[in-house]
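Engineer: Chains A and B supply the protein sequences, listed in that same order. Mapping of the first sequence onto this note's numbering: residues 1 to 323, in sequence order. Mapping of the second sequence onto this note's numbering: residues 1 to 268, in sequence order.
Below 27 Å or equal to it, Euclidean Cα-Cα: the simulated DSSO-like pairs (lysine-lysine) are:
| # | chain 1 | residue 1 | chain 2 | residue 2 |
| --- | --- | --- | --- | --- |
| 1 | A | K140 | B | K76 |
| 2 | A | K21 | B | K76 |
| 3 | A | K143 | B | K268 |
| 4 | B | K76 | A | K143 |
| 5 | B | K268 | A | K21 |
Just so you know, these hints were derived from the structure itself, not from any lab.
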Amino acid sequence: MPAAIRTDALTKDYAVGFWRKRPYRALDALTLEVPAGEVFGFLGPNGAGKTTTLKLLMQLIFPTAGRAEILGRPAGDVATRRRIGYLPENPYFYDYLTAEELLQYFGRLFGYDAAERRRRIGALLDRVGIASERRLQLRKFSKGMLQRVGIAQALLNDPEVVFLDEPMSGLDPIGRRDVRALILELRDQGRTVFFSSHILADAEALCGRVAVVAAGRLAAAGRLSDLHAFQARGWELVVAGLTPEVIARLGAAAGRATEISPGRYTLELSLSQPPERLLPELTAAGGTLVSLNPLRDSLEDFFMQRVAAVGRGARGDTPGSGA
Amino acid sequence: MRVIRTVAVNVFRESVRDRVPYNLVAFAVLLMAASYILGQLTAGQDVKIIKDLGLAATSIFGLFIAIFIGIGLVSKEVERRSVYALLAKPLSRSQFILGKYLGLALTLTVNVAVMTVALYAVLAYMGWVQTPAMKAAAELPAVDPALLKAVLLITIELMVVTALALFFSTFSTPLLSAALTLGIYIAGRFNADLRHLDAIVNARPVVWLARAAYHVLPDFAAFDVKTEVVHGLPVPAGYLAATAGNGVLYIAALVAAATLIFSRRDFK
Numbered sequence: 001m002p003a004a005i006r007t008d009a010l011t012k013d014y015a016v017g018f019w020r021k022r023p024y025r026a027l028d029a030l031t032l033e034v035p036a037g038e039v040f041g042f043l044g045p046n047g048a049g050k051t052t053t054l055k056l057l058m059q060l061i062f063p064t065a066g067r068a069e070i071l072g073r074p075a076g077d078v079a080t081r082r083r084i085g086y087l088p089e090n091p092y093f094y095d096y097l098t099a100e101e102l103l104q105y106f107g108r109l110f111g112y113d114a115a116e117r118r119r120r121i122g123a124l125l126d127r128v129g130i131a132s133e134r135r136l137q138l139r140k141f142s143k144g145m146l147q148r149v150g151i152a153q154a155l156l157n158d159p160e161v162v163f164l165d166e167p168m169s170g171l172d173p174i175g176r177r178d179v180r181a182l183i184l185e186l187r188d189q190g191r192t193v194f195f196s197s198h199i200l201a202d203a204e205a206l207c208g209r210v211a212v213v214a215a216g217r218l219a220a221a222g223r224l225s226d227l228h229a230f231q232a233r234g235w236e237l238v239v240a241g242l243t244p245e246v247i248a249r250l251g252a253a254a255g256r257a258t259e260i261s262p263g264r265y266t267l268e269l270s271l272s273q274p275p276e277r278l279l280p281e282l283t284a285a286g287g288t289l290v291s292l293n294p295l296r297d298s299l300e301d302f303f304m305q306r307v308a309a310v311g312r313g314a315r316g317d318t319p320g321s322g323a
Numbered sequence: 001m002r003v004i005r006t007v008a009v010n011v012f013r014e015s016v017r018d019r020v021p022y023n024l025v026a027f028a029v030l031l032m033a034a035s036y037i038l039g040q041l042t043a044g045q046d047v048k049i050i051k052d053l054g055l056a057a058t059s060i061f062g063l064f065i066a067i068f069i070g071i072g073l074v075s076k077e078v079e080r081r082s083v084y085a086l087l088a089k090p091l092s093r094s095q096f097i098l099g100k101y102l103g104l105a106l107t108l109t110v111n112v113a114v115m116t117v118a119l120y121a122v123l124a125y126m127g128w129v130q131t132p133a134m135k136a137a138a139e140l141p142a143v144d145p146a147l148l149k150a151v152l153l154i155t156i157e158l159m160v161v162t163a164l165a166l167f168f169s170t171f172s173t174p175l176l177s178a179a180l181t182l183g184i185y186i187a188g189r190f191n192a193d194l195r196h197l198d199a200i201v202n203a204r205p206v207v208w209l210a211r212a213a214y215h216v217l218p219d220f221a222a223f224d225v226k227t228e229v230v231h232g233l234p235v236p237a238g239y240l241a242a243t244a245g246n247g248v249l250y251i252a253a254l255v256a257a258a259t260l261i262f263s264r265r266d267f268k
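Looking at chain B on its own, in the form it has when it is part of the complex (with noise of 0.2 Å):
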């Protein structure tokens, strides 16, 4: 545990020396001119706005680190050939795998907690200004626990993106692990239309590789309740363990296979 852990701490060091957190003060930036003018244009409304727009904010910046630093994590190392010197040092590859996972997984979460934290502060600055009208017309307090919900689930869908990057890092070029992995994202985020192709395709072989692909490809709108913490609808805790386990048990078999991958591998 004490070999992963080191190999995750640096992961976190390289990712913060990369000017990672270069990332947190646009997001910082962007919430704040937000508010400010969305204040000066739209009536009661803009609470829900930025609320809408914070999570969506911080699911995209997350996705960008995601794909654009896992898709580093494994190919960049043997492409500099830095790996070289490190796995001769007492860590095996599924060692040094799993501490890359980790240490990426580390940097997302540090990442989309200080987002969520800017969040707040925002939210609770609006719903300072606001006045006791608009308060008592707003259906849901300004500062409403209920967007963790939304972040928690954003956080285990950056988790199982990092996973596929990790994965496809294991054994292509960083350009091909990055279409590879936008392309599952996208495709993912399409899950249910997958399923049910049939409805508007006759052909059978089409439908059957939509049928696979639907079993296969994780379900990424699963993990986007945005709209419904905005807007107060309900996001039972069932629906969240479920989706949650769901993405934990997508990485652990994303996890599992790049180690297999990466322990067979010859760096030439």
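Same shape as in the complex, but just chain A (with noise of 0.2 Å):
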């Protein structure tokens, strides 16, 4: 599959200092590669390098050094911009203008005619469910309403590519749940979706690669199921139905038995332990088995190992400090 997205070594050094200047680097030679119609994470904690990148993609920046490129154009050329759609982190629009103003605004930039602009303005109000308001004057938007218009300037173009800094950012539990939806949507309409996050439940709901970032470095990229740590390290049985003998003898076999109510306790099997070898001794004993479930690392546990070793690593404020 073609990249839409492709990054080579691409560097990013701010001047920092009021009277003597120096260079802090914001991203260090980040390589990445982006396959079409797939939802990609880019994840890290706050002032990591995702906006930075977002920015360089968007060329609202320009890199140091390295080079990006979206769907085989340089970053930064007008025509691509035709083909991807863009939200900035907490969006701000204009706030003298309507919803539905904005976005005929945006409409007008793309060449579309009136017919056009209101067909896609109609469809897209609803589908970010904002059309009761197409008329409300964005000053009078909350955060959540502000970032469903964003979501809809940034699709208005049906974008091949597009690019979303923190989606989730000011949505209620029903906003997320409509973000999620409709990324979703844009995969299954074969979409590229680049979004930046450090919500890693969003990541693991969405994604099927993800790159994680920390200190202005990358600090993983792949597969969700490939990535080292999120493969299973062992078994979690919970059982019920047992005396405290028989746990005790079936404890000592498995890694950690805890009582988690009373006659109901979780047993910890290492990768090496199957499982199926002790459920001969668990019917016999009269239990029963409420359910088994491989035991893995969550995104969290990942995202916290991979920032605290590159941070180890320590981000220097000289370029070429470390990479």
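Mind assembling these two chains? They're in different frames, but the hints should get you there.
Structural biologist: Right, here's the structure in full:
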């Protein structure tokens, strides 16, 4: 599958300090490839370099070194912008316009005629759930409603690639559910969705692939299922109807036994202890198996480990202080 | 061109919704009040005074709009981050700058046009209530088309000020942009003094600096022909064309410089 987005040693330094300017590396040689038609999660804590990367891809800032391509064209190519959509982080739009007027304005920039603009805007405002507020000035919108307007403007041109910077930010649970559904819908339509987030549950629910950035550097990238940390590291059994003596015996064989309610226990087995070996003894003692699940690190655990690992490498304030 | 026009129309809409029209109401009220009061106080000079007052108010109100909207044209978009979503659309940064400039130029042109119509309406009323003796004594008609020469140069002067404000707003804060634009405007009004500074100052570096400033700064005094048109002095067409041409060149240079700076700017 061809890459929708490609970055090659993309680097960005900022000058910081008031009197004596010194360079600060916000992004350090990011090399990334996002296949077309996938939902790609770009994860990292605040200040990791996620927004910097998105701004470089939109050419809102210029790279110090390296390059970026979208749909095979250099980032910043004006013609390519007809094929992409972008939701900035905490979007702000002209507050003297209504939601409909804003989309009309952007629709004109794409060159759509009046009928086409009406059709697209009507459908989008319905889709993001603010059709009834279409004639309300944006200054009266809540943060969550502005986020929905932001998503609508990002999808106005039916983009092949959609960049969403923290799309769940400011949304209530219903809004988050709606946006998740929307992202999956975009994926099912064959579009590429590149979204940044520090909310790991969103990535787990939506992404085929992820990249984790920390301190401006790529900490890990790949399919969620391929990343070592997400592979099973053992088994967790929930059992019921057993006496403490039986549990003590089973627990000795298992890694750890914990009582979660009277007569109900969890047993954790290592990967080398197949759970089926315990089942005959369990049934013979009159117990029942309530559930059996693989044990694996959550994305959260993985994230923290990688961030800590990269943090130990330390982001220098000077370029080239460590890649 | 469609993209530039779209951006320009949005600037116009913004200025209308930002209550710029209130400025016009203030202008009309000021003129009507002045005409009434002057009618009570002066004998025969009221039409001249209204012409003078009307043209000066057009210039000052326009200057106010040009500076205070001009300085926010780009910096406000960057500060509030509305430029992020906009520049991800199919328009280049130069189209953005040009659209912004033309939008405010359109706002100013409409503003000046409405103020001119208001001025002529007041003058027509004053001409209508004049006695035949007063009419015969007046050197010029109350509704004098020559005023349009001054209006033309005021409009071009305001366009130059807008271009200055836009230029500064591409790289500095609104406050600094306002100070710089106003500073250059004031210095430009005294441009002729800079040229002849050697008559009163001996220090050579200061004279050179003043000469350099004279060549770089726009000569805003040249755009002011209010006294000439009000008192019926000639304003040759050649002078009008040369001054207007000079203004247009200045605008082109400033907008080109603004585009160049903005095209390389990082939005942190």
